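In order, the protein sequences belong to chains A and B.
Residues in the first sequence are numbered from 1 upward in steps of one, following full-length UniProt numbering.
Residues in the second sequence are numbered from 1 upward in steps of one, following full-length UniProt numbering.
In short, the hints are calculated from the structure, not lab data.
The model shown is predicted, which means the values in this text are computed figures rather than measured ones.
Be aware that a few hints might be false.
Quick list of the computed label-pair ranges, beta carbon to beta carbon [to be verified]:
id, chain 1, residue 1, chain 2, residue 2, range
1, B, Ala91, A, Pro251, 49 to 55 Å
2, B, Ile10, A, His98, 46 to 52 Å
3, A, Ala16, B, Phe173, 29 to 35 Å
4, A, Glu179, B, Glu97, 44 to 50 Å
5, B, Gly185, A, Val25, 42 to 48 Å
6, B, Ala12, A, Asp202, 55 to 61 Å
7, B, Pro110, A, Val25, 42 to 48 Å
Glycine included, C-beta positions come from ideal geometry on N, C-alpha and C.
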Amino acid sequence: MHAPAPTSAVPAVRFAGVARHFGAVRAVDGVDLSIAPGEFFAMLGPSGSGKTTCLRLIAGFEQPDAGHIEIFGETVEGLPPYRRPVNTVFQDYALFPHLSVGENVAYGLKVRGVARAEREKLAREALALVKLAGLEARRPAQLSGGQRQRVALARALVVRPKVLLLDEPLGALDLKLREEMQVELKSLQRALGLSFVFVTHDQGEALSMADRVAVFNEGRIVQVGPPETVYERPANRFVAAFVGAANVIEPDMAVALGAASGLYSLRPEKIALLAPGVPAPDGAAAIEASVVDVSYQGAVRRLAVRTTAGVALTAAVPASHRAPASGDSVRLAIPLGALMPMEAET
Amino acid sequence: MNRPSLGLKIAALGGLAFLHVPLLFILLYAFTTEEKSYAFPPPGYTLKWFGVVWGRADIWAAVGLSLKVATIATLIALVLGTLAAGALARAKFFGREPISLLFVLPIALPGIVTGIALRQAFGLMEIPFSFWTIVLGHATFCIVVVYNNAVARLRRLSPSLIEASMDLGADAFQTFRLVVLPNIGTALLAGGMLAFALSFDEVIVTTFTAGQQSTLPIWMLSELIRPRQRPVTNVVAVLVILVTFLPILAAYYLTREGGQARGAAGTGK
Chain A
1 MHAPAPTSAV PAVRFAGVAR HFGAVRAVDG VDLSIAPGEF FAMLGPSGSG
51 KTTCLRLIAG FEQPDAGHIE IFGETVEGLP PYRRPVNTVF QDYALFPHLS
101 VGENVAYGLK VRGVARAERE KLAREALALV KLAGLEARRP AQLSGGQRQR
151 VALARALVVR PKVLLLDEPL GALDLKLREE MQVELKSLQR ALGLSFVFVT
201 HDQGEALSMA DRVAVFNEGR IVQVGPPETV YERPANRFVA AFVGAANVIE
251 PDMAVALGAA SGLYSLRPEK IALLAPGVPA PDGAAAIEAS VVDVSYQGAV
301 RRLAVRTTAG VALTAAVPAS HRAPASGDSV RLAIPLGALM PMEAET
Chain B
1 MNRPSLGLKI AALGGLAFLH VPLLFILLYA FTTEEKSYAF PPPGYTLKWF
51 GVVWGRADIW AAVGLSLKVA TIATLIALVL GTLAAGALAR AKFFGREPIS
101 LLFVLPIALP GIVTGIALRQ AFGLMEIPFS FWTIVLGHAT FCIVVVYNNA
151 VARLRRLSPS LIEASMDLGA DAFQTFRLVV LPNIGTALLA GGMLAFALSF
201 DEVIVTTFTA GQQSTLPIWM LSELIRPRQR PVTNVVAVLV ILVTFLPILA
251 AYYLTREGGQ ARGAAGTGK
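Take these sequences, add in the hints, and give me the full structure.
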């Protein structure tokens, strides 16, 4: 129902040096970003990191204190939300309680002056798109959380935005529903060819859905890239810890392992357990450690260990292995190729 | 639950009697045949005072004036009270609490203070007492009732509803008409009815701000001094009870939180 628009090289959304301060709080502190047409873009970060403020800057609920925002090449600073070609799916869905589901979906068409018959037809189509055909006459209060979320989605899509903004849309759903919606949102986005900008604090959600992930911390983007890159090669200590809880290898330990001095990240699943007496494979360093804690997580066992040098590491080993117990001494193999260099800290 | 003790029952009945027996006497003596003094029991019963009231032009003038004053004061209060509530419900700024208090103060202030203040202000500004000075006097406390109702409802309204409306393409005026007003409508109706009822039987402020006009309560006060046709006052009082009681009852049912809405949601499941 929507014509995909990724014909030009003009970014769907572009931020240049955007800042937004609330009093002394620098909610957004110099953000540059460029979102391609048709891209599923996730803004990931802890609460208060500035990701939601960035979304509100695109929607027009906030105006930047500094910098420049463009939507498909057009400057939007000073434009109110109702003059921007973007629509939002709100965290609490924000369905109008006094209107039926059909009227909620048709609201954006009504304020644009679309005739009643036409807007009812378009609202029906939009509801069918999100698999809620036939619920037009219900009130939002009569719907489940998952249904409300779909109504919010249909209401935003029916006015044909050029960019769809989603503010933690899955946060209020239970796990099973959330996983279903992740798949559905992704396929909807592909089918519509629309840019989705998705705000979340859940790294699993961001990694599984997005084409690219921007990791936010303290009002800045600390890393942006495809999920694999952000996960496998975190740019710094914050990303390593926040996205997938990677080990951080300090320079002195790196040297001890035989790598060049520097700060590295190390995925827990890259660390292997060595059987007693077996030498470390080529290109890997063996270290002695004692097990502090073992937790079974289905496919893997997560071992919290402490090396003889006193460094805490996490290793994820296949659960089929014989499990060491807390207090056991173990030998670990760390492949040097799995050490991913991170930004030096000043 | 324990059943209330006999003593409590008697106390409750006594309280009810204290509140409502005087009203019964108003009703009773609206039908008495005695016109100069009230004796109990009344010597006889008649409907003639209703006929007398019907024929008295001064009563109808007073009723007309009171209705006009109450209507216009309520309309002013609806506009100003809603605007003030809109400004103060969500905004956060230095001095918000004192300003909210200043809005509510006129209803806590003794009417006599409001009355004197307005009388002196009108005098200083050389505004002659008229219909409009009464309306302005009444609007001071009517605004409070509307403001209080509107501000409470606006604070419960999710701010993201307004953002969602703007996001979907509605400007500020469309958002107010299509989203805000339908959600605070019953609160405004309830506030307006209370304001109307307050204005309709107001005596003190009116005494200070009226010129030659008599609103209905002022007319009743002056009628008490006359020795003749005393049941006429009772008949008018009965009518006033009806006129003010019905809107207050309606306001009570309208503001009872979401009674109908919850019922509707329940039947749909």
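Verification of the hints:
1. About 52 Å separates the C-beta atoms of Ala91 of chain B and Pro251 of chain A, a value consistent with the hinted range of 49 to 55 Å.
2. Evaluation of the 46 to 52 Å hint for Ile10 of chain B and His98 of chain A yields a pass: the beta carbon distance comes to about 47 Å.
3. Between Ala16 of chain A and Phe173 of chain B the C-beta distance comes to about 33 Å, which sits within the given range of 29 to 35 Å.
4. Hint check: Glu179 of chain A to Glu97 of chain B, Cβ distance near 46 Å, so the stated range 44 to 50 Å holds.
5. About 37 Å separates the C-beta atoms of Gly185 of chain B and Val25 of chain A, a value inconsistent with the hinted range of 42 to 48 Å.
6. One distance hint, 55 to 61 Å for the beta-carbon pair Ala12 of chain B and Asp202 of chain A, holds here, with the actual separation near 57 Å.
7. A hinted range of 42 to 48 Å for the beta carbons of Pro110 of chain B and Val25 of chain A is consistent with their spacing of about 46 Å.
Checked against the numbered hints listed earlier, the structure breaks hint 5 alone; every other hint is satisfied.
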